[in-house]
Structure formats: structure tokens, C-alpha cells
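Residue numbers (our numbering), protein chains in the order written: chain D, 68 to 414; chain U, 68 to 414.
Since the list gives no way to pick one copy over another, a pair counts as held whenever it fits inside one copy or between any two copies.
With a cut-off of at most 20 Å between alpha-carbon atoms, the simulated SDA-like pairs for lysine to any residue come out as follows:
hint, residue 1, residue 2
1, K98, I193
2, K224, L296
3, K319, V106
4, K222, E114
5, K378, I298
6, K331, S367
7, K104, Q320
8, K224, R286
9, K104, E114
10, K319, T387
Just so you know, these hints were derived from the structure itself, not from any lab.
2 protein chains.
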Amino acid sequence: MLQDKNPHRTDIGKLGEFGLIETLTKDIEIKNPSTIKGVGDDAAVLEFKDMETLVSTDLLVEGVHFDLAYFPLKHLGYKAAIVNFSDIYAMNGTPTQLLVALALSNRFPLEAIEEIYEGIKLACRIYNVDLVGGDTTSSRSGLILNPTIVGAVEKEKITYRSGAEPNDLIVVTGDLGAAYMGLLVLQRENETFKANPQHQPDLSPYAYVVERQLKPEARKEIPPLLKELDIQPTAMIDISDGLSSEILHITKQSGVGARIYAEKIPIDPQTVLTADEFHISELTAALNGGEDYELLMTISQKDYEKIQHRKEFAVIGHITEDKGAYLITQDNQKIELKAQGWNALKK
Amino acid sequence: MLQDKNPHRTDIGKLGEFGLIETLTKDIEIKNPSTIKGVGDDAAVLEFKDMETLVSTDLLVEGVHFDLAYFPLKHLGYKAAIVNFSDIYAMNGTPTQLLVALALSNRFPLEAIEEIYEGIKLACRIYNVDLVGGDTTSSRSGLILNPTIVGAVEKEKITYRSGAEPNDLIVVTGDLGAAYMGLLVLQRENETFKANPQHQPDLSPYAYVVERQLKPEARKEIPPLLKELDIQPTAMIDISDGLSSEILHITKQSGVGARIYAEKIPIDPQTVLTADEFHISELTAALNGGEDYELLMTISQKDYEKIQHRKEFAVIGHITEDKGAYLITQDNQKIELKAQGWNALKK
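Here chain D stands alone, though its shape is the one from the complex (with noise of 0.2 Å):
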């Protein structure tokens, strides 16, 4: 549907799989001091001397978390290197050096994996990232995309998910629920275009929705923002599976519970609008819909003074003693939370 449809194709079994490495990192430049070697070896070679190093790979699988009928293959390519960058702003770190495996059949040509290339690529430039490494490999149908992230942080800024208190705050980046909405709109129209490839989709109404779905942005000021603001959060971790998954995630490797209130979750008027257009609730979307790359923080109390003025956060509700993990509605209900997000195994 929205795929550019490359006329010019170059079978890749003839260039071969050195040629391939070959036309696929000529490009490449290092950014980072700590890169000291790499694509071309047998491993990349890093130096972080006194700074902790992250490391996390997420696979990224056609038909289970894209579907190449809606999703553009530059897109693609941001995007998983986008939802890897991620992780390491989780832990309050910088994303340095990224390596990438790709499994391909052969109905792709070269120029399709040069535009997943691409995307990844511009992901690095903005995000100043080294591509250091990687795999290229065929498959046996579809495509399977396998970026690993490396990163750095200062050993007494690390945040991991464990360390949230009780009265803790809980605190969210940007809107929740976007990215879930504009997977439905892609779906819906692509449903359109497969009953009548007439069918011209007027994308415009859904242009924020769909953006938070095909180009996500990880939320690389954060780690730097809580630094000149002097705030350590007690634990972070990104969004990626829904809010309430991430909470849950939070409150039992914390041992502790929390309460979040409805009416304080932020969420785009777009988002609201397009749920409505669906008839589903938006905080369900918020909730449950995932693939926001936000991310969620527990601080002290004693550090709101810190962010409340500032717009990038949101305080949405705090850290309990008691285990239970709950939602207040508006009407005051309590609802406990569930972690219904995405679970590709289900399928």
C-alpha cells in the first residue's frame, strides 16, 4: 500500500554475501571514541574505560511485529534501530554502537535491504550511533531483523527497574497510546486497499498517530535533562509492551505497588479522537496498546519541585507499600492493572 515499489532490482545471491557487507557499510563513519574498530572484523572492538557498558538486542519479525504491507522498508529500519536505542535510555544511558542481523528471503532484492540500510543509518546520524557489526544471512520466508545496542552510562547513574520506592512519584515522558491508534488506522486502510486497490488512503486526518507508529522516536534528551536537573530516578524502564505491563514491571522487581490516575495519563487530542472513531476507550490504547518508546520513571518526592513546570514529564501517579498495582478512574474506581500488552507469542 505504502510501500515504494522499487522498479530496479539486483539479486542478491549474485552479489554474494561479502559483496553484500561490502555495498551495504562502505558508507559508514565512527562517531565515538570508544568505537575503536568496526565492521569487517570478527568482532567489534569498544573501549569504555571508567563508564559501565549496556548491551540489548530486540528481534524484530515480519508478520508478527510489522506487517511490509503498511510499512515502509526505510521506516523499518529506523524504527528497529529506534526501539533499541530505547532500552538503553531505560537505564539512563547512551546508546554508542549498534550491530545488526538481518535474515532475508530471496523475493528481496538489494535495493530493499538498502533501504532498511538506510533507515538505520539515519537513525545512527541523528541518534550518533557507530554501526559497528552485524550478520546478513536469507531466510526461508519474510524477514527477521535483529539489531544488538550497545551503550554507556556513569556507573552511579545507572537506573535499573528494581529500585522504586514507596511514596515514590511516577513519572511519564510525551503520550501514551499513539503509536497502538496509528497501528489500527494502517490496518484499516490496508484492509481498504486489499478489497479495492482503487483506493487512494487519506492519511492526513491520523498524520501524528501514524508517525508514533512507522517513525518512533526514543527519548534521547531524557538521560542528559534529568542530569542538569540533578534528578537519579529510583527505576526507569521504556515503554514499549504498555503502561501497565511497564508498571507492573516496575512494582514487582521493586517490591512494591502503585496507583496511577486516569485522568493523569497524558495523551494526544489525536489519539482520543481516533479511539473514539474506533470505539475503544483511549486509556486502553494508553494502557495496553504499547510501542510508545516513552519511558517511566519512579522519582523521590523530594524532586518534583524539579520537573513540575517542565513539559516533557508528567507525574501520574505514585509508588505504594501495599504489592496491589491499581488504576483510579475518574468516578474513582479501582481497577487493578493487568499486563495485557503485546505478547507476540500468543499469536
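Fit chain U to the known structure of chain D by using the hints.
For chain U alone, coordinates are given in the frame of chain D:
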């Protein structure tokens, strides 16, 4: 064929992603002081201080890199780990942490994933590597395994592919070609089994070559031995795609040429016998077969005495100033080496 059919099947979907990760990671013990935080947060936290950090990733795809008809799942997990460890030894380093991303379709029950993890954990125990993270998700079809390995190396010990100098000796560890012959035996037995399911294969005459295919080991003793012998190789690479291909990597990246001598290439007698049976040259298996996970290195001539009587090493040729890379046969023919190794993209 060889695969253990476990009668007990637990549906992964019922367990959910978090339940699955908990099941797979509950008995993980951390052994390396460089592992500050393993599984359970947005990223693993590692600390290397005065050492350089090494990172590498290798993707294994069902139907491309392995066939579950003859590859037991536990062995698959073991091999996936070993293949990655080998990349770190090839840098003259020590693997320290492993992350495993895994995608699999619903046809696999929990017990299948547990078997894969048993193999991964066994490899980690034997090689003293900490399993610190990963990602588990579903695929539309088939099994995909993507381990990422992190390792450490002293700065002055790092061995790239690019340092070979004219007159350096070309040295390999162990013997070559066995894993490829093991693959041919397994493929043949599998075909026989498909034609006649009553057929009971007798693999005992092929025990060594089959083991080299199904349960390869990485040469973990080589970096410490090089240190003990006071040898700093000028270049090193692991033999995953066949000797030809690896020699060409070294000569290309070092800007040199090479001569290797057919009669010097170490090949096990069982590899020779099996190659005879399949009417192929054992040299072809050694040069183009791949998956040996031995180390290929170049060393200065002054170090020759140090390895002369060590059974771990075989000198197979030397580096030349002129850029061609050639095999010299026993009847003194000069054959140009070509990268005909494993090329998953050609399929």
C-alpha cells in the same frame, strides 16, 4: 530422525512472554566479575575497565544453517553459542557474556525451547560465559537463533585480520573439513530415513565427522596458549566459511598474498575416508566446507620455534608480497584460491 521426540508438550502461548523468560532464565548463575547485571532489565550492565570490549553476532536460520530433521535442539543451542564464542577467540580475546534472541513458530512447545536453552547453558558453563539477556518472540515459520557475544581482550593482544606481513607463517589449529563431511553424512542418512522410516542409521563409522558438525567446539585454549608461548599473531580469523575464504579475508585486509601447501593442510583420517566414500576430494572439504571453528593465524617467522613441536598448530604456508592467494598441490600445481565457502544468500 535423530531428534528426541519429547512426549510432553506445553503450549508457549499459555505461558506468555514473561512466564517463558522466567522459566528459561531462573537457574542462571553469574560467574564473571565483569557482569554487573544480567537478565531482567532493559539492558545488561557490564564493566570492563582496562580491557577492550568485543561484540559480535551470528544469525542461524532453520532450513538455511541447520535442518531440525537431523539436528537435535540441545546441540543446536550449543552450536549457536560456540559459533559466537569462536569469533571472540579469533580476536585473541575471552568471551564473557552472551545474549540470545530467538524466534520460533507455534509448532514448538516449551520443552523444545528448554532443550535449546539447555544446550546454550551447557556451552556457557563449559566456556565460562554469562547468559545476560536476549529476546524471545514468535516467527511465522521456523526457528531463528541470534546470539550476540560480548568478550574482553587486553589492548595489546587484539588480533585483527589486517596485520599479516610478507614472510609471515600461515598457521591453523586442529584439523579441517570434518564438519562438512559430517553434514554430508547426516544429509544422506536423512534422505535414506525419509525413503524408509524403518531404517536405523549406523553413524559409528562417522562418529568424529558427525560430532564436528553437530557439536563443534571453539578453540578456547588457544588465546591463553599464545600468551604462554609469548606469541602475538599478526592476524587471526576463525574458520567458519572454509579455509579459502578465510585466507582471502586476511590477504585482502592485510594487502598481501599467500601460498598454502596442500600436503600441509591438517585433515583427519576419518575426513579422508568419508570424502573418498562421497567421491569428493578431502581438500575441497577443507578449503570450501566451512564450520570447522578452528583458528587461522599468521605469525612472524621468529616465532616458528615456539610452535614447532606443539600439536595444536600446523604451519600450512606463508604470506607473500605479491597479492595472489594460491594453493600449491603435491604435484606442484598452483591453483588460485576462491571464496567458495558457505554462502547462505545463494540458496
